[in-house]
Amino acid sequence: GNSVTQMEGPVTLSEEAFLTINCTYTATGYPSLFWYVQYPGEGLQLLLKATKADDKGSNKGFEATYRKETTSFHLEKGSVQVSDSAVYFCALTPDSSYKLIFGSGTRLLVRP
Amino acid sequence: DAGVIQSPRHEVTEMGQEVTLRCKPISGHDYLFWYRQTMMRGLELLIYFNNNVPIDDSGMPEDRFSAKMPNASFSTLKIQPSEPRDSAVYFCASSSRTQRGKLFFGSGTQLSVL
Numbered sequence: 001g002n003s004v005t006q007m008e009g010p011v012t013l014s015e016e017a018f019l020t021i022n023c024t025y026t027a028t029g030y031p032s033l034f035w036y037v038q039y040p041g042e043g044l045q046l047l048l049k050a051t052k053a054d055d056k057g058s059n060k061g062f063e064a065t066y067r068k069e070t071t072s073f074h075l076e077k078g079s080v081q082v083s084d085s086a087v088y089f090c091a092l093t094p095d096s097s098y099k100l101i102f103g104s105g106t107r108l109l110v111r112p
Numbered sequence: 001d002a003g004v005i006q007s008p009r010h011e012v013t014e015m016g017q018e019v020t021l022r023c024k025p026i027s028g029h030d031y032l033f034w035y036r037q038t039m040m041r042g043l044e045l046l047i048y049f050n051n052n053v054p055i056d057d058s059g060m061p062e063d064r065f066s067a068k069m070p071n072a073s074f075s076t077l078k079i080q081p082s083e084p085r086d087s088a089v090y091f092c093a094s095s096s097r098t099q100r101g102k103l104f105f106g107s108g109t110q111l112s113v114l
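Protein chains in written order, with this note's numbering: chain R, 1 to 112; chain E, 1 to 114.
The hints are simulated quantities; they were obtained by calculation from the structure and are not laboratory data. Heads up, some of the hints might be wrong.
Calculated cross-link-like contacts (lysine-lysine; reagent style DSS-like; alpha-carbon spacing at most 30 angstroms) [as the list claims (entries may be wrong)]:
hint, chain 1, residue 1, chain 2, residue 2
1, E, K102, R, K52
2, E, K102, E, K24
3, R, K60, E, K68
4, E, K78, R, K60
5, E, K68, R, K77
6, R, K52, R, K99
7, R, K56, R, K68
8, R, K60, R, K77
9, E, K78, E, K68
10, R, K99, R, K77
11, R, K77, E, K78
12, E, K24, R, K99
13, E, K102, R, K56
14, R, K77, E, K24
15, R, K68, E, K102
16, E, K68, R, K68
Derived coverage of chain R by chain E (criterion: at least 3 residues anywhere in the stretch with Cβ under 8 angstroms from a Cβ of chain E; other residues may be distant) [to be verified]:
hint, segment
17, 16 to 30
18, 60 to 73
All C-beta atoms, glycine included, are put in the ideal place defined by N, C-alpha and C.
Please construct the entire structure, taking both the sequences and the accompanying hints into account.
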């Protein structure tokens, strides 16, 4: 079946540290991959996406590369800010489907 | 653009009562999704609609849950009778067929069943 596995949190970093949140997936065919972010008390927002192998999605200093050989889509940011504190969700849509399947989420806490 | 609008924002009810959650999607969007979020189970897709027609309801937990979309601008999720284990945040989201996977989420309904 289709599923997404994320590293467990919380991840606690100091401001300006480098961030990596691991995400791997299981899917048939050619899924599209996404990262969503949820700030406290809000719904999720799309952060970035990649629709085919070797694509790199990027937004607000975050980036992730679609690696088909390792079935991964790790989220990275070179220098985190306190305002990046949130829960990050990796997700996929199976080939030719509009169904969005989420991972369990990883909470990020950035300290000043 | 008002975004996806959900109501109520908070709902507290007693076990056995009927609960109705409401959602107004973004105008022009073809797809509507209902998700449930809990600490234990994360984000679960309950059901989604395309052009007001239910496409996949395999995530609906049991017969106590039902969802309808009578027109393109309104959907409801009903729980009858409610139970304490239904306590969660329920999100509605909508998207366009031209942007597969890009969902716009409402602010959610925090449901507490006592």
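Checked hints:
At most 30 angstroms may separate the alpha-carbon atoms for a hinted pair to count; K102 of chain E and K52 of chain R meet this at roughly 15 angstroms. A hinted pair counts as satisfied when its Cα atoms are at most 30 angstroms apart, and K102 of chain E with K24 of chain E qualifies at roughly 17 angstroms. A hinted pair counts as satisfied when its Cα atoms are at most 30 angstroms apart, and K60 of chain R with K68 of chain E does not qualify at roughly 37 angstroms. For the hint pairing K78 of chain E with K60 of chain R, the CA-to-CA distance comes to about 38 angstroms; that exceeds 30 angstroms, so the pair is violated.
In summary, the hint linking K68 of chain E to K77 of chain R is not supported, as the alpha carbons are separated by about 41 angstroms, beyond the 30 angstroms threshold. A C-alpha spacing of about 17 angstroms is found between K52 of chain R and K99 of chain R, which places the hinted pair at or below 30 angstroms, so the restraint holds. A C-alpha spacing of about 12 angstroms is found between K56 of chain R and K68 of chain R, which places the hinted pair at or below 30 angstroms, so the restraint holds. A hinted pair counts as satisfied when its Cα atoms are at most 30 angstroms apart, and K60 of chain R with K77 of chain R qualifies at roughly 9 angstroms.
Taking the CA atoms of K78 of chain E and K68 of chain E, the gap is near 9 angstroms; set against the 30 angstroms cutoff, the hint holds. Using a Cα cut-off of 30 angstroms, the hinted pair K99 of chain R and K77 of chain R holds, with the two alpha carbons roughly 27 angstroms apart. Annotation: proposed proximity of K77 of chain R to K78 of chain E is violated, straight-line Cα distance about 41 angstroms (limit 30 angstroms). With a C-alpha separation of about 19 angstroms, the suggested pairing of K24 of chain E with K99 of chain R holds against the 30 angstroms cut-off.
Proximity of K102 of chain E to K56 of chain R is assessed by CA-CA distance (about 16 angstroms); at most 30 angstroms being required, the pair is judged to hold. Our distance criterion of 30 angstroms between C-alpha atoms is broken by K77 of chain R and K24 of chain E, whose separation comes to about 35 angstroms. A threshold of 30 angstroms between alpha carbons decides the hint, and for K68 of chain R with K102 of chain E the separation of about 21 angstroms falls inside it, so the pair holds. With a CA separation close to 38 angstroms, the supplied pair K68 of chain E and K68 of chain R exceeds the 30 angstroms bound.
Only residues whose C-beta sits within less than 8 angstroms of a C-beta in chain E count toward coverage, and the segment 16 to 30 of chain R has 0 of them, not enough to reach three; the restraint is violated. For a cut-off of 8 angstroms, the count of residues in the segment 60 to 73 of chain R with a CB near a CB of chain E stands at 0, and the three-residue condition is violated.
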